[in-house]
Amino acid sequence: MPAEEIPRKEIGAGTVRKGQIILLAVAALVAVTCLYLLNRYWIAPAAVQHDTSSASRLSAPDFTVTDFSGNKVSLSDLRGRVVLLDFWATWCGPCRMEIPSFVQFADRYKDQGFSALGIVTHDSPRNVPDFYRQFRMNYSVAMGSEQLEGLYGVYGLPTTLLIGRDGRIYNKVVGAVDPAYLEREIQKLLSENAVAER
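Numbering (the working numbering), first residue to last: 228 to 425.
You may find that some hints are simply not true.
Unchecked claim - Think about it this way: if two alpha-carbon atoms lie no more than 27 Å apart in a straight line, the pair counts; the simulated DSSO-like pairs of lysine-lysine are:
(1) Lys337 x Lys299
(2) Lys399 x Lys299
(3) Lys337 x Lys415
(4) Lys415 x Lys399
(5) Lys399 x Lys337
To be verified - Pairwise CB distance ranges (calculated):
(6) Leu256 x Lys299: 44 to 50 Å
(7) Arg353 x Gly380: 23 to 29 Å
(8) Leu250 x Ser328: 42 to 48 Å
(9) Gln247 x Leu378: 45 to 51 Å
(10) Leu285 x Arg244: 56 to 62 Å
(11) Ala252 x Glu410: 45 to 51 Å
(12) Ile248 x Arg363: 46 to 52 Å
(13) Tyr382 x Ile249: 33 to 39 Å
(14) Gln339 x Tyr382: 27 to 33 Å
(15) Gln361 x Ala254: 29 to 35 Å
(16) Arg363 x Trp318: 18 to 24 Å
(17) Ile249 x Arg323: 34 to 40 Å
If you are wondering where the hints come from, they were derived from the structure by calculation, not from laboratory data.
Please read these numbers as outputs of a predicted model, since none were measured by experiment.
Just so it is clear, CB atoms sit at the ideal spot from N, CA and C, and this is done for glycine as well.
Build out the structure end to end from the sequences listed, making use of the hints.
As structure tokens, this is what we get:
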């Protein structure tokens with residue numbers, strides 16, 4: 228008996244096109260979900276924590292990092308200065324918008340006891356040197372760590388903290404910060420002459 232031939236089903240253009248459409252739809256859904264999560268958890272809406280009473284401010288946890296120039300920077304070495312501590316990433320749009328203001332503040336107030344320190348998080352160290360040059364950054368920038376983020380309760384980018392001359396956290400902003408508001412806060416802290424003891 229001759230073997231029966233099994234008819235082969237031809238794959239037509241319609242089947243291929245339908246498969247491509249499904250694949251594109253799944254890819255679009257994944258992309259939208261990723262963007263939502265990125266926006267929800269890493270590019271945070273602005274939220275301000277502000278403590279005007281020096282006595283009730285929390286002490287800023289000390290840490291030491293090595294900046295991209297190879298210098299060791301400790302927060303305790305900046306005691307007696309007002310410090311802008313900025314957690315950011317090169318891919319973060321709001322971070323990119325803030326940095327030019329931080330550069331201006333670092334230049335404008337450096338002789339009045341102000342320092343800025345940028346902590347890069349969730350980014351590749353390879354991305355930083357070109358970014359630093361492009362934005363003409365004039366303050367120390369170092370890579371962060373999950374441990375450092377945990378110390379400061381960083382849950383979104385950018386996160387900007389102002390630390391008073393006494394080493395206590397005066398202000399924390401999660402999300403893009405208004406430069407005019409931040410400058411007023413810097414000026415208030417610079418005008419506080421007495422260095423409170425911890």
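Hint by hint, here is what the structure shows:
Restraint check for lysine 337 and lysine 299: the C-alpha separation of about 19 Å stays at or below 27 Å, so the hint holds. Restraint check: the Cα-Cα separation between lysine 399 and lysine 299 comes to about 24 Å, which is no more than 27 Å; the hinted pair holds. Between lysine 337 and lysine 415 the CA atoms are separated by roughly 15 Å; this keeps the pair inside 27 Å, and the hint holds. Using a Cα cut-off of 27 Å, the hinted pair lysine 415 and lysine 399 holds, with the two alpha carbons roughly 15 Å apart.
For the given pair, lysine 399 sits about 21 Å from lysine 337 by alpha-carbon distance, which is consistent with the 27 Å threshold. Separated by about 46 Å at the C-beta atoms, leucine 256 and lysine 299 satisfy the suggested range of 44 to 50 Å. Distance hint check: the CB atoms of arginine 353 and glycine 380 are about 28 Å apart, consistent with the given range 23 to 29 Å. Between leucine 250 and serine 328 the Cβ separation comes to about 43 Å, which falls inside the hinted range of 42 to 48 Å.
Taking the beta carbon of each, glutamine 247 and leucine 378 are about 48 Å apart, inside 45 to 51 Å as hinted. Checking the proposed 56 to 62 Å range against leucine 285 and arginine 244 shows it holds: the Cβ atoms sit about 60 Å from each other. For the pair alanine 252 and glutamate 410, the beta carbons lie near 47 Å from each other, so the given range of 45 to 51 Å is met. Separation of isoleucine 248 from arginine 363 is about 47 Å and conforms to the stated range, judged on CB atoms against 46 to 52 Å.
With their beta carbons about 36 Å apart, tyrosine 382 and isoleucine 249 fall inside the hinted range of 33 to 39 Å. Glutamine 339 and tyrosine 382 have their C-beta atoms about 32 Å apart, which keeps the hinted 27 to 33 Å range intact. For glutamine 361 and alanine 254, the hinted distance range of 29 to 35 Å is satisfied, since their beta carbons lie about 31 Å from each other. Range check, arginine 363 to tryptophan 318: about 19 Å between beta-carbon atoms, so the 18 to 24 Å window is met.
Between isoleucine 249 and arginine 323 the C-beta distance comes to about 36 Å, which sits within the given range of 34 to 40 Å.
Violated hints for the displayed structure: none, as all numbered hints are satisfied.
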